[in-house]
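Colleague: For what it's worth, my numbering labels the leading residue of the sequence shown as 1, then goes sequentially.
No lab work stands behind these hints, which were simulated from the structure alone.
Any given hint could turn out to be false.
Taking CB as the label site, the calculated pair distances span [as the list claims (entries may be wrong)]: (1) 144 / 343: 42 to 50 angstroms; (2) 351 / 157: 45 to 53 angstroms; (3) 331 / 221: 56 to 64 angstroms; (4) 291 / 22: 38 to 46 angstroms.
The C-beta atom is built at its ideal place from N, Cα and C for all residues, glycine as well.
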Amino acid sequence: MESNQLTLFDEYSEPLSDLSSVSEQIDAFAKFRYKAKPYSKRNWGNSLHFLCSYQGKLKPAIAHFLVKTMTNKGERILDPFSGAGTIPLEACLQGRFGDGVDINPLAYANTLAKVAFPSCEDVYNLRNRLGDYLARCLVTDRELDKIQLNNINGRLQDYFHPKTFAEIVTARKFFSELGRHTPASAFVESCLLHILHGNRPYALSRRSHGLTPFSPTGPFKYKPLLPRLDAKIRRVIRTRMPPDYVHGSAYLCSTFDFDAEKPYDAIITSPPFLNSTRFYIANWMRLWFCGWEKGDFKPNTRNDYLEEMQAKSMSVYEKVFAKFSTLLKPGGLCVLHLGVVRKRDMGRELIPRAEKAGFEILRLLYEDVASCENHGVRDQGSTNKHQFLFLKASRLVSK
Numbered sequence: 001m002e003s004n005q006l007t008l009f010d011e012y013s014e015p016l017s018d019l020s021s022v023s024e025q026i027d028a029f030a031k032f033r034y035k036a037k038p039y040s041k042r043n044w045g046n047s048l049h050f051l052c053s054y055q056g057k058l059k060p061a062i063a064h065f066l067v068k069t070m071t072n073k074g075e076r077i078l079d080p081f082s083g084a085g086t087i088p089l090e091a092c093l094q095g096r097f098g099d100g101v102d103i104n105p106l107a108y109a110n111t112l113a114k115v116a117f118p119s120c121e122d123v124y125n126l127r128n129r130l131g132d133y134l135a136r137c138l139v140t141d142r143e144l145d146k147i148q149l150n151n152i153n154g155r156l157q158d159y160f161h162p163k164t165f166a167e168i169v170t171a172r173k174f175f176s177e178l179g180r181h182t183p184a185s186a187f188v189e190s191c192l193l194h195i196l197h198g199n200r201p202y203a204l205s206r207r208s209h210g211l212t213p214f215s216p217t218g219p220f221k222y223k224p225l226l227p228r229l230d231a232k233i234r235r236v237i238r239t240r241m242p243p244d245y246v247h248g249s250a251y252l253c254s255t256f257d258f259d260a261e262k263p264y265d266a267i268i269t270s271p272p273f274l275n276s277t278r279f280y281i282a283n284w285m286r287l288w289f290c291g292w293e294k295g296d297f298k299p300n301t302r303n304d305y306l307e308e309m310q311a312k313s314m315s316v317y318e319k320v321f322a323k324f325s326t327l328l329k330p331g332g333l334c335v336l337h338l339g340v341v342r343k344r345d346m347g348r349e350l351i352p353r354a355e356k357a358g359f360e361i362l363r364l365l366y367e368d369v370a371s372c373e374n375h376g377v378r379d380q381g382s383t384n385k386h387q388f389l390f391l392k393a394s395r396l397v398s399k
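Construct the complete structure from the given sequences, taking the supplied hints into account.
Modeller: Here's what the structure looks like:
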């Protein structure tokens with residue numbers, strides 16, 4: 001890992017050629033350098049990218065080259081649908097101020113931990129507080145019996161040995177009582193979320209999947225929480241950051257409710273693909289740990305999520321682009337990573353909506369991804385092409 005980190009430092013500081021126009025910047029990205037080694041490797045990228053497994057996460061190498069070719073050091077970059085925080089982290093790693101906004105608490109914790117990488121002292125102080133809480137406030141059997149989250153790939157209790165489950169529920173109470181996340185609490189919680197379920201020895205659950213908790217198999221075996229959490233923290237906290245790394249910010253709210261203190265130089269984002277798996281269903285266990293209850297997963301309760309809005313009507317993107325225009329500097333860049341699903345070309349559907357909001361259409365690039373990695377998940381949807389839609393904000397922006 002040490003030598004790999006040094007290689008990454010060299011890459012993060014390596015300039016491309018002088019790109020004097022946006023067209024040349026797009027041309028440079030269109031070489032798709034991330035498809036060649038070493039960028040095509042599954043584990044390429046800074047260790048923070050792998051803080052917590054996350055379904056649908058953008059490949060770090062793609063985010064790396066989007067930031068590298070389309071922006072400059074010192075600029076302010078926003079991802080209004082930040083997800084795992086891949087794009088904001090890449091911005092911070094390359095000397096840009098990367099900010100992320102997401103309505104999802106799992107995404108928010110991941111993003112905050114990455115763009116505001118905490119000190120070892122703060123992380124271990126938080127971890128020790130959690131350890132004290134587990135020793136003093138372990139939940140009772142009566143409290144465990146009240147948990148009725150089921151019918152989503154089995155009952156929650158079916159995934160864990162009873163003693164492990166009691167520690168997990170207690171840890172959930174600890175984080176809920178903390179209130180608003182700090183970078184350290186977001187980091188420790190993200191570490192715990194990563195080990196919550198999976199098929200590796202570090203996982204707290206019975207054998208399941210690391211991305212989506214499919215119904216578990218294997219014996220009920222007591223797996224104490226703290227030793228596994230400590231091992232995960234040790235693996236990630238020693239991450240060596242490149243010299244240009246700067247801290248960004250993360251915000252837990254709807255993009256439509258987000259107001260920036262000052263406009264951004266660029267928006268780079270990957271909104272939900274059409275007909276994609278509902279994120280909040282696939283990540284039900286981690287969202288439960290982040291505070292969701294049974295009622296939060298019921299149909300028609302997530303109408304504030306873009307994936308639900310666009311399933312009803314793509315006209316929601318008129319509102320999206322109108323919001324983007326208020327967040328960008330006049331003439332600012334907007335890049336969207338999209339997908340072609342079955343016969344629906346998402347980029348083509350968005351272009352007239354972007355134009356209506358005053359954006360200039362710069363280019364729509366396509367990338368064939370029919371043979372991309374599936375991470376062992378059988379249902380990958382029907383996305384066979386990725387797209388990159390490049391837009392430029394009007395120079396006459398009214399807020």
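Colleague: A separate judgement is required for each hint: does it hold in the structure or not?
Modeller: Hint-by-hint comparison with the structure:
1. 144 / 343: 42 to 50 angstroms: 48 angstroms Cβ-Cβ, so the 42 to 50 angstroms window holds.
2. 351 / 157: 45 to 53 angstroms: Taking Cβ atoms as reference, residue 351 and residue 157 lie about 48 angstroms apart, which means the hint holds.
3. 331 / 221: 56 to 64 angstroms: holds, 59 angstroms
4. 291 / 22: 38 to 46 angstroms: holds, 42 angstroms
Hint compliance for this structure: no hint is broken.
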